[in-house]
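Engineer: Spelled out from the first residue to the last, the chains are:
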Amino acid sequence: MSIRYNFGGDEHIFGEVSEEMSLTSFFTGLSMTNAVQAANIKGVTEICPANASFQIRFNPDIVDPHDLLKELQSFEDAAAKSDPVLKTRIIELPVYFQDPWTHETCLRFRERHQDPNSTDLEYSARINGYATVDEFIAAYSGQPWFVSMVGFVAGLPFLYQMVERKQQIQAPKYLRPRTDTPKLTIGHGGCFAAIYSVRGAGGYQMYGVTPAPIYDPTRKVRYLTDEMCLFKPGDIVKFKAIGRDEYDATLESIEANRWEPTVRNCTFSLKDFNADIYGTNAKLTELLNGR
Amino acid sequence: MAVKVISPGLSTSVQDLGRPGYYHLGIPEGGGMDRFATTIANLLVGNEPGAALLEATFMGPELEFEQPAVVAVTGGDLPPKVNGVEQPGWESFAVKAGDKLSFGYLKSGARAYIAISGGIDVPLVLGSRTTYVLGALGGFEGRVLKAGDVLPLGKGSGKAGRSLPASYHRQVTAPVELRMVPGLYWHRITEAAGKRFFEDTWKVAPEADRIGYRFRGGTPLEFVPREPPFGAGSDPSNIVDACYPYGSVQVPSGTEPIVLHRDAVSGGGYMMLGVVISADMDLIAQLQPHTPARFAPVTLEQALAARAERRVHQQKAEDYLAT
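So the sequence lines, in the order shown, correspond to chains A and B. Under UniProt numbering, think of the first position of the first sequence as 1, with each following residue one higher. Under UniProt numbering, think of the first position of the second sequence as 1, with each following residue one higher.
Derived by calculation from the structure, the hints in this document are not laboratory data. Be careful, since some hints might not be right.
Computed list of lysine to any residue pairs in SDA-like fashion (alpha-carbon distance at most 25 angstroms, straight line) [said to hold, decoys possible]:
1) B/Lys-146 to A/Asp-180
2) A/Lys-70 to B/Lys-4
3) A/Lys-220 to B/Asp-149
4) B/Lys-4 to A/Thr-218
Work the whole structure out from these sequences, hints included.
Structural biologist: This is the structure we're talking about:
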């Protein structure tokens with residue numbers, strides 16, 4: 001492993017594990033940021049893992065940038081050798097695919113899309129080799145996803161599907177970004193899914209919406225009272241495709257503040273996963289059905 | 001104990017010195033874009049340097065005081081008026097109950113900092129009173145001010161007539177020079193493109209806010225050809241989504257550089273050419289659209305020297321006010 005380091009001005013160190021996305025690179029980045037966290041280095045102010053890279057922010061009046069870089073480099077061997085085993089959790093998230101709101105938004109911005117004559121779902125299904133939108137949705141919600149980064153705006157997760165590379169769903173971003181995206185839209189750009197935590201501009205293809213808030217600055221939603229953001233890097237997410245009736249019912253119980261997502265603690269081993277991807281995923285998703 | 005917003009100005013929000021520690025969740029540090037002006041405004045009215053104040057962009061608000069207070073306005077030259085009578089900038093002045101504070105036209109700079117003795121007493125959220133508008137977090141109800149808002153004030157003990165002489169204010173030269181440490185994905189562009197990037201004079205675009213400042217008018221970048229890495233996307237300016245440093249200079253599609261500021265989006269999929277040094281971040285806060293600007297490459301060592309120089313400058317100003 002060789003991480004490419006760079007000083008980002010006088011307050012950041014940027015570490016790129018690899019140019020391309022892979023779970024191995026994500027885990028290396030996460031091991032590095034976990035090591036920085038554990039080392040409790042004076043002067044470090046922000047520790048941000050990303051998909052295949054990471055960033056450390058520091059106060060150079062407190063810690064010398066070159067000393068900090070040397071310290072980071074000293075964590076590399078341990079990060080590379082560590083058997084990537086993560087104590088994490090799997091979260092089931094209901095998603096109403098082909099919903100009327102993203103559909104309406106998608107029609108409103110057709111002239112900014114690669115293929116103005118298809119919907120985002122039709123276009124993405126076709127370019128990924130699926131005969132129908134239903135088959136595409138089945139693939140999208142059939143296997144779990146890793147939260148490989150949280151950011152852009154508050155609480156927005158980037159998700160990387162836990163399948164082999166040839167099965168990865170890929171889609172370009174809109175030619176020109178939209179000025180609007182419904183809140184809690186499930187979007188896709190490059191090889192990443194994202195959940196728009198707030199309404200706003202966006203360039204990802206739009207496939208559906210979840211009724212479940214994932215960011216609550218007022219901390220009133222019952223499962224967001226401690227942490228205002230639902231997701232953190234390393235979480236595993238399984239989408240559960242739901243229809244209009246279940247969407248409406250879930251929304252009603254969210255509005256009454258009675259609903260929470262199914263969350264189970266789990267352990268993830270990258271080695272086991274690479275040896276048997278679908279077997280590992282099956283075991284993880286079984287947890288959601290158990291107690 | 002409050003101040004009422006009669007008219008909010010163009011974009012006025014409650015800010016302090018920021019909310020560090022949550023960038024990994026996509027919540028930016030925020031805080032007054034011009035840190036020097038934020039600190040000095042507070043010190044002039046007898047507040048802690050990081051008390052909550054108002055940041056007004058391009059146009060001032062109109063405020064009505066429900067009780068006597070001491071006020072100071074720093075940053076861009078946006079002349080304050082009490083009941084229509086102009087007051088000096090960078091100097092504390094007293095207001096009485098019922099007085100109205102309004103502002104004349106902006107003469108220079110882009111943002112004014114309005115500190116009131118006692119500070120704006122909105123609740124602390126994640127350790128700060130800063131408004132993060134995109135995430136509807138903190139400040140006054142998580143948003144910019146509206147007419148009719150009533151801002152609670154803390155208990156203050158400021159004195160009128162304290163001022164910071166003009167020799168302590170930072171002078172903005174034209175074209176403004178923004179120093180940056182090249183790096184990050186600098187290797188994605190050709191040598192000729194890199195040379196031109198620094199030679200060109202850019203102009204601040206109308207899309208310039210607390211998230212970032214866009215620049216236009218320079219030569220589009222020429223990229224080094226490549227096979228796109230898996231997951232990056234097909235545009236030559238795409239990368240696998242990564243963290244964005246504060247001050248980072250991203251160039252979507254290689255055309256218009258954007259410098260991310262205090263309310264930065266924390267990450268994304270565009271290559272960055274480097275990062276504007278911490279000492280020049282305040283400068284950006286005071287740039288109006290159409291201002292000519294150039295980027296100048298510096299080393300990390302030069303960036304650290306500039307940072308130290310800025311710190312000494314601020315310390316001298318603070319020492320002056322402490323005497």
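Engineer: Within 25 angstroms, alpha carbon to alpha carbon, are A/Lys-220 and B/Asp-149?
Structural biologist: Holds, at roughly 23 angstroms.
Engineer: Is B/Lys-146 close enough to A/Asp-180, meaning Cα to Cα at most 25 angstroms?
Structural biologist: Within the cut-off at roughly 23 angstroms; holds.
Engineer: Regarding the pair A/Lys-70 and B/Lys-4, is the alpha-carbon distance no greater than 25 angstroms?
Structural biologist: Given pair A/Lys-70, B/Lys-4 is violated - Cα atoms ~53 angstroms apart, limit 25 angstroms.
Engineer: Regarding the pair B/Lys-4 and A/Thr-218, is the alpha-carbon distance no greater than 25 angstroms?
Structural biologist: 24 angstroms, holds
Of the hints listed earlier, the one the structure fails to meet is number 2.
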